[in-house]
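The lines below spell out each chain.
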Amino acid sequence: MTGDRLIIGGYEFKSRLFVGTGKYKDFAETKKAIEASGADVVTVAVRRINITDRTKENLLDYLDPKKYTILPNTAGCYNVEDALRYARLARAAGVSDLIKLEVLGDERTLFPDTAGLIEAAKILVKEGFIVLPYTNDDPIVAQKLVDIGCPAVMPLAAPIGSGLGIRNPYNLKIMMEMVKVPIIVDAGVGTASDAALAMELGADAVLMNTAIAGAQDPIAMAEAMKYAVYAGRLAYKAGRIPRKLYATASSPIEGML
Amino acid sequence: MMAEAIQIQVNGEQRGCQADASVGDLLRELAIKTERVAVELNLEILDRKEFDQRRLKEGDRVEILSFIGGGS
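Residue numbers (the numbering used here), protein chains in the order written: chain A, 1 to 257; chain B, 1 to 72.
Among the hints, erroneous ones may be present.
[As the list claims (entries may be wrong)] With a straight-line cut-off of 25 Å between C-alpha atoms, the simulated DSS-like cross-links for lysine-lysine are: (1) K56/A / K57/B; (2) K49/B / K31/A; (3) K33/B / K57/B; (4) K66/A / K33/B; (5) K66/A / K49/B; (6) K57/B / K67/A.
[Said to hold, decoys possible] Listed next, the stretches of chain B that the computed footprint assigns to chain A, with coverage defined by at least 3 CB atoms under 8 Å from CB atoms of chain A: (7) 8-21; (8) 35-45; (9) 55-66.
Note that these hints are calculated values from the structure, not bench results. All residues carry an ideal CB built from backbone N, CA and C; glycine is no exception.
Assemble the whole structure, with the sequences as input and the hints as a guide.
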């Protein structure tokens with residue numbers, strides 16, 4: 001689809017599939033999977049460099065920064081202070097002002113602490129960050145994030161890595177009608193149909209990591225996801241038929257014997 | 001006159017370095033390229049333009065971070 005670009009915070013993206021870079025076997029596999037996915041945006045975490053073993057390879061040697069937009073995240077942060085620290089460190093690394101903001105509330109569910117998320121987002125927006133917040137499927141929280149200046153929101157479909165797909169399509173659909181910024185469904189996608197469904201509901205993009213990296217054949221799954229996001233988007237724009245309780249025949253009665 | 005050695009902490013580990021070495025010197029000694037790296041000195045995030053100006057003292061805590069694979 002030419003011209004169906006995704007525009008967020010001054011960035012323009014062709015692909016509506018965003019991918020994470022964690023949980024792969026090695027960097028070579030990471031690179032192949034990302035290529036197969038056709039993604040433009042790639043998320044990374046911010047961590048200490050290994051200073052003792054300098055022979056260890058660097059992920060960034062495998063990802064051409066001219067080809068991909070690096071989206072750092074504040075993964076592993078359970079309070080506002082940590083999230084701010086990691087976001088500021090990510091920006092200090094000198095790549096961009098983009099940040100995927102995560103303020104987690106609980107280790108088992110990895111659900112966002114929405115109060116902390118809103119507080120941290122407010123501060124980071126004021127500091128000039130382009131904040132993409134990982135949130136839940138509550139449209140009220142999503143609207144609050146938009147009101148304080150987030151150019152997009154990233155509601156979870158299901159817990160990170162759970163593969164459960166879209167657990168609350170009704171809330172997501174309401175969010176898509178109420179909230180007027182791009183919505184990137186993030187977390188919990190399991191297989192291609194989940195990604196297609198997210199796009200059919202009206203999502204502007206889908207982010208996934210485990211669904212690809214944890215698949216038995218990550219490269220094949222990455223390709224499947226590329227098509228799924230594309231198909232779902234096309235179907236959404238094509239305008240589906242309504243759901244009916246009873247049949248409507250497709251062939252005319254006229255001309256029958 | 002040789003500069004004395006001082007003890008600093010880098011990424012959580014004790015390490016010796018030359019007194020009055022700069023953060024830039026430390027990165028060069030560790031063979032760490034400065035692009036796409038963030039440095040925190042005693043909880044202060046440094047602007048990369050200051051790497052060669054900021055001098056290290058005894059007991060300083062340095063954190064050197066970069067991007068690694070991660071989704072959420």
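Results of checking the hints against the structure:
{"no.": "1", "hint": "K56/A / K57/B", "verdict": "violated, 29 Å"}
{"no.": "2", "hint": "K49/B / K31/A", "verdict": "violated, 31 Å"}
{"no.": "3", "hint": "K33/B / K57/B", "verdict": "holds, 22 Å"}
{"no.": "4", "hint": "K66/A / K33/B", "verdict": "holds, 18 Å"}
{"no.": "5", "hint": "K66/A / K49/B", "verdict": "holds, 23 Å"}
{"no.": "6", "hint": "K57/B / K67/A", "verdict": "violated, 41 Å"}
{"no.": "7", "hint": "8-21", "verdict": "holds (count 4)"}
{"no.": "8", "hint": "35-45", "verdict": "holds (count 7)"}
{"no.": "9", "hint": "55-66", "verdict": "holds (count 4)"}
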